[in-house]
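Chains H and X, in that order, give the protein sequences. For what it's worth, our numbering labels the leading residue of the first sequence as 1308, then goes sequentially. For what it's worth, our numbering labels the leading residue of the second sequence as 12, then goes sequentially.
Some clues are possibly wrong.
As the list claims (entries may be wrong) - Result set (EDC-like, lysine to aspartate or glutamate): computed pairs, CA atoms no more than 20 Å apart in a straight line:
(1) H:K1389 / H:E1377
(2) X:K99 / H:E1377
(3) X:K99 / H:D1313
(4) H:K1376 / X:E63
(5) X:K99 / H:E1444
(6) X:K39 / H:D1313
Claimed, not checked - If you only want the chain H side, here are some residues facing chain X, beta carbon under 10 Å, derived:
(7) C1334
(8) G1347
(9) A1356
(10) K1376
(11) I1379
(12) A1381
(13) D1394
Claimed, not checked - Just the calculated beta-carbon pair ranges, DEER-fashion:
(14) H:G1380 / X:Q14: 28 to 38 Å
(15) H:Q1345 / X:S125: 33 to 43 Å
(16) H:T1384 / X:L32: 35 to 45 Å
(17) H:K1311 / X:A121: 38 to 48 Å
(18) X:T24 / H:K1344: 15 to 25 Å
(19) H:E1377 / X:Q14: 11 to 21 Å
(20) H:L1446 / X:K37: 15 to 25 Å
(21) X:E63 / H:K1389: 39 to 49 Å
The set of hints was computed from the structure by calculation and includes no laboratory data. Glycine included, each C-beta is placed from N, C-alpha and C at the ideal position.
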Amino acid sequence: MRIKIDTSALRETSSYHYAIRFLFGGCITAAAGMIAKQWGPVVGGLFLAFPAIFPASATLVEKHEKQKKEKIGAHGTVRGRKAAGVDAAGSTFGSLGLILFGLIVWWLIPYHRPVWVLPVATSVWLIVAVLAWYIHEML
Amino acid sequence: MAQILIRFLIGGTVVTLFAILGDLFKPKSFAGLFGAAPSVALATLSLTIATEGPSYASVEARSMIAGAIAFLAYASCCSWSLMRLPYKALRVTIWAMPLWFVVAFGLWYAWLRST
Chain H
1308 MRIKIDTSAL RETSSYHYAI RFLFGGCITA AAGMIAKQWG PVVGGLFLAF
1358 PAIFPASATL VEKHEKQKKE KIGAHGTVRG RKAAGVDAAG STFGSLGLIL
1408 FGLIVWWLIP YHRPVWVLPV ATSVWLIVAV LAWYIHEML
Chain X
12 MAQILIRFLI GGTVVTLFAI LGDLFKPKSF AGLFGAAPSV ALATLSLTIA
62 TEGPSYASVE ARSMIAGAIA FLAYASCCSW SLMRLPYKAL RVTIWAMPLW
112 FVVAFGLWYA WLRST
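Modelling step: build the complete structure from the supplied sequences, incorporating the hints.
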């Protein structure tokens, strides 16, 4: 399956939905810092991979897909739910990359400059996630 | 208080940027990759390195591995449920949230607690 860039989705998403993501993302980042201060970095670190905006994103995907179907007169409830399921399946590949991201930062950050380690770890996240997605599409 | 506000603003911005990236791509399964982007981790670790140093950030990153494994279990559960059960996305993703806590804190108990 070919990867495409479609800017129309940006027009379909209201500023309210971006504000929700900003709010949840900001809250969990602030919370992760406060948890680490209160209970230490071992507990605080768990929340660096907390699915904070996942429910908001899945709901948005479901809503967009449902609206698309309803525009052409079809009933889009099942289609919307399945689209959210497919989106969630994509996130499983992303989370494989997230495991490697954590591993690389854990190993490299004490010995190398952060200005290199974080971009390298982010690149590895992307490569692993895309590779896992690609292998899944091939099967 | 100022640091919490800075964390909130940086975290919100990075998370929103990754969410916009996710919105741009098709197919949906590919766009979903960005739902598990290291957005909170990038915002938090950058600030932690600046304030607490790299050793502290390294400990957080090790715990993040447990959080990411929990995310994998959570996203798999959500995907399976949304494909097969007749419930709305919001209900499924909220109901499955305890799974993240069980896996993350289970791994913390088994692996990280004593370190």
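Going down the list of hints, with the structure as the test:
1. H:K1389 / H:E1377: holds (15 Å)
2. X:K99 / H:E1377: Holds. X:K99 to H:E1377 sits at ~17 Å (cutoff 20 Å).
3. X:K99 / H:D1313: violated (25 Å)
4. H:K1376 / X:E63: violated (51 Å)
5. X:K99 / H:E1444: violated (26 Å)
6. X:K39 / H:D1313: holds (11 Å)
7. C1334: holds (7 Å)
8. G1347: holds (8 Å)
9. A1356: H:A1356 check passes; min Cβ-Cβ to chain X is 3 Å, inside 10 Å.
10. K1376: violated (14 Å)
11. I1379: Result: violated, 18 Å to nearest chain X Cβ.
12. A1381: It is violated, given that the least Cβ distance between H:A1381 and chain X is near 17 Å, above 10 Å.
13. D1394: At 4 Å from the nearest chain X Cβ, H:D1394 passes the 10 Å test, so the hint holds.
14. H:G1380 / X:Q14: 28 to 38 Å: violated (53 Å)
15. H:Q1345 / X:S125: 33 to 43 Å: violated (20 Å)
16. H:T1384 / X:L32: 35 to 45 Å: violated (28 Å)
17. H:K1311 / X:A121: 38 to 48 Å: holds (42 Å)
18. X:T24 / H:K1344: 15 to 25 Å: holds (22 Å)
19. H:E1377 / X:Q14: 11 to 21 Å: violated (46 Å)
20. H:L1446 / X:K37: 15 to 25 Å: holds (20 Å)
21. X:E63 / H:K1389: 39 to 49 Å: Since the Cβ atoms of X:E63 and H:K1389 sit about 44 Å apart, the hinted range of 39 to 49 Å holds.
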